[in-house]
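> Each protein sequence line maps, in turn, to chains E and R. Following this note's numbering, the numbering of the first sequence begins with 1 at its first residue and continues without gaps. Following this note's numbering, the numbering of the second sequence begins with 324 at its first residue and continues without gaps.
A couple of the hints might just be wrong.
[To be verified] With a straight-line cut-off of 30 Å between C-alpha atoms, the simulated DSBU-like cross-links for lysine-lysine are:
(1) E:Lys27 - R:Lys476
(2) E:Lys155 - R:Lys476
(3) E:Lys27 - E:Lys266
(4) E:Lys89 - R:Lys373
(5) E:Lys142 - R:Lys458
(6) R:Lys476 - E:Lys76
(7) R:Lys373 - E:Lys76
(8) E:Lys209 - R:Lys373
(9) E:Lys26 - R:Lys476
(10) E:Lys76 - R:Lys399
(11) E:Lys266 - E:Lys209
(12) E:Lys209 - R:Lys399
Hint data in this document are derived by calculation from the structure and do not stem from the laboratory. Keep in mind the model is a prediction, meaning the values are calculated, not measured.
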Amino acid sequence: MMVNMKRLLLTFSLLAFAILAFGQAKKPIIMVVPSDQYCISRGYKMEFNNQGLKQVLPDYKTALQTDPDLRLVVTKMGQIMADRGFPLKDLEQELKNLEQERAESSMLTSSSSGSEMAESPIDALKRVAKADIIMDLDFEVKRQGPQKYIVFNLKGLDAYTAKQVSGVAGAGSPSTSASPELLLEEAVLSHMDNFNAGLMRHFEDMFAKGREVKVQIKVWANWGENLESEFGSDGKELSSIIEDWFADNCVEGRFNLSDATENFMKFEQVRIPMMRTDDKGRQRAVDTRSFVSDLRKYLNGMGIPSKLYMRGLGEAWLILGEK
Amino acid sequence: MSIAVTVLAVVMVLPANAQTRKERKILWNSQYNYEIEPVGVGQDGTKVFKVWGYGKDVGAAVMNAKEAAVAACIFKGLPGGGGSAPTPPICSQPNAEQIHADYFEKFFEVGGKYLQYIAVTNDADPSGEDRIKMKKGFKVAIYVQVMYDALRKQLEADGIARRLDSGF
Numbered sequence: 001m002m003v004n005m006k007r008l009l010l011t012f013s014l015l016a017f018a019i020l021a022f023g024q025a026k027k028p029i030i031m032v033v034p035s036d037q038y039c040i041s042r043g044y045k046m047e048f049n050n051q052g053l054k055q056v057l058p059d060y061k062t063a064l065q066t067d068p069d070l071r072l073v074v075t076k077m078g079q080i081m082a083d084r085g086f087p088l089k090d091l092e093q094e095l096k097n098l099e100q101e102r103a104e105s106s107m108l109t110s111s112s113s114g115s116e117m118a119e120s121p122i123d124a125l126k127r128v129a130k131a132d133i134i135m136d137l138d139f140e141v142k143r144q145g146p147q148k149y150i151v152f153n154l155k156g157l158d159a160y161t162a163k164q165v166s167g168v169a170g171a172g173s174p175s176t177s178a179s180p181e182l183l184l185e186e187a188v189l190s191h192m193d194n195f196n197a198g199l200m201r202h203f204e205d206m207f208a209k210g211r212e213v214k215v216q217i218k219v220w221a222n223w224g225e226n227l228e229s230e231f232g233s234d235g236k237e238l239s240s241i242i243e244d245w246f247a248d249n250c251v252e253g254r255f256n257l258s259d260a261t262e263n264f265m266k267f268e269q270v271r272i273p274m275m276r277t278d279d280k281g282r283q284r285a286v287d288t289r290s291f292v293s294d295l296r297k298y299l300n301g302m303g304i305p306s307k308l309y310m311r312g313l314g315e316a317w318l319i320l321g322e323k
Numbered sequence: 324m325s326i327a328v329t330v331l332a333v334v335m336v337l338p339a340n341a342q343t344r345k346e347r348k349i350l351w352n353s354q355y356n357y358e359i360e361p362v363g364v365g366q367d368g369t370k371v372f373k374v375w376g377y378g379k380d381v382g383a384a385v386m387n388a389k390e391a392a393v394a395a396c397i398f399k400g401l402p403g404g405g406g407s408a409p410t411p412p413i414c415s416q417p418n419a420e421q422i423h424a425d426y427f428e429k430f431f432e433v434g435g436k437y438l439q440y441i442a443v444t445n446d447a448d449p450s451g452e453d454r455i456k457m458k459k460g461f462k463v464a465i466y467v468q469v470m471y472d473a474l475r476k477q478l479e480a481d482g483i484a485r486r487l488d489s490g491f
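Turn these sequences into a full structure, and let the hints steer you where they fit.
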């Protein structure tokens, strides 16, 4: 009996250790978004006059409220992705939530002093539907004489690097008897395994070589120094100091400084580790913010204060000069 | 002189012919030699296609075809056609059949678990163009519906295939 209890305790403590020691990497949020072409060609659009220039933007809300074919495809894709362990963020629901949040934020006041919530213009601007991977969807029911067929086009886009991480496209077989709804369902069923295989390759690459992200270094206008200023005992230019830090901290030193001036540095294809060990010895998931936060601390040690601005899981800006 | 040329020609041709026959035999027994013809898009989580099998009699050839149907889904993937897009293999890892040899030996044994994922759409013995009498045995084709998603989930649960969300 005692031996059994000891074994049980040992098993539980090992399990607890495993949970603490091996965390999980940050899971990307995936969302299906109808393509601009789909929305605009069907009249789901908003037109603006931007300083004399006509600008056309897709109206997702109208598209999702009025297009039953789109809803059918989104639901089917959502069902398949949830089955694969990736429940999709629903664009329609997200738009409703944001509207509700906007209304509540403007009305909410503190009960003791009647104070409003602090909100900067940038906070308000950030209240938009976001995802880490966008499933850019486009389809069309085409006719050839009495026959109907579906042309289907689905792209998996990384929201930060703008790279296509997966994609499927093709035309289904023509049919005279099947309804367009049935053909659409067939198109989704037919293409999703291939799409997910592309996504799987992207994730495997991510776990092998690190998450690919984008980092920008900028400078506040009132700082008085810039990226060409010299720091440290050996009088090294700040841009070189930052570049060296990336070389030391990226997975296998992989990054690409794609553009730079004395006021900004644009790092692309930056491979950051998926996990790292924190001060308490725990494995923690890394996102761009936490990765760039280490650079912020490093520069702070050299007397360079900075503000870290997050643009999602895969992009962050570090603005030098002050908080 | 002409005799020497003839002998040389025979010596050069004979091994080539012999190798072709040998190769053909290897292909019969090879797990990569799946002959598949897609026939349409399957219902949710399933794949439908026509698959060929070899055997001493029709029954054995049908069983071989069933085995090939499941093996194709796991190792080779399915070609596109008949309105369906190509389907990738469940095990994307190279040489998965060798790495997990013990597992697959048990999985594909006679009456093994692989049969659980097959729903045969034509129950009767194949006839007509789907039943070819060969010198030794038969080559037959059957229409199958493979429970692709259920098969994938089983292999993921057994640690043979990688889950899409593993690591997250």
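> Hint by hint, note whether the structure agrees.
Each hint tested on the structure:
no.: 1; hint: E:Lys27 - R:Lys476; in the structure: holds (20 Å)
no.: 2; hint: E:Lys155 - R:Lys476; in the structure: holds (25 Å)
no.: 3; hint: E:Lys27 - E:Lys266; in the structure: holds (25 Å)
no.: 4; hint: E:Lys89 - R:Lys373; in the structure: violated (37 Å)
no.: 5; hint: E:Lys142 - R:Lys458; in the structure: violated (49 Å)
no.: 6; hint: R:Lys476 - E:Lys76; in the structure: holds (19 Å)
no.: 7; hint: R:Lys373 - E:Lys76; in the structure: holds (26 Å)
no.: 8; hint: E:Lys209 - R:Lys373; in the structure: violated (40 Å)
no.: 9; hint: E:Lys26 - R:Lys476; in the structure: holds (23 Å)
no.: 10; hint: E:Lys76 - R:Lys399; in the structure: holds (26 Å)
no.: 11; hint: E:Lys266 - E:Lys209; in the structure: holds (20 Å)
no.: 12; hint: E:Lys209 - R:Lys399; in the structure: holds (26 Å)
In summary, the numbered hints that this structure violates are 4, 5 and 8.
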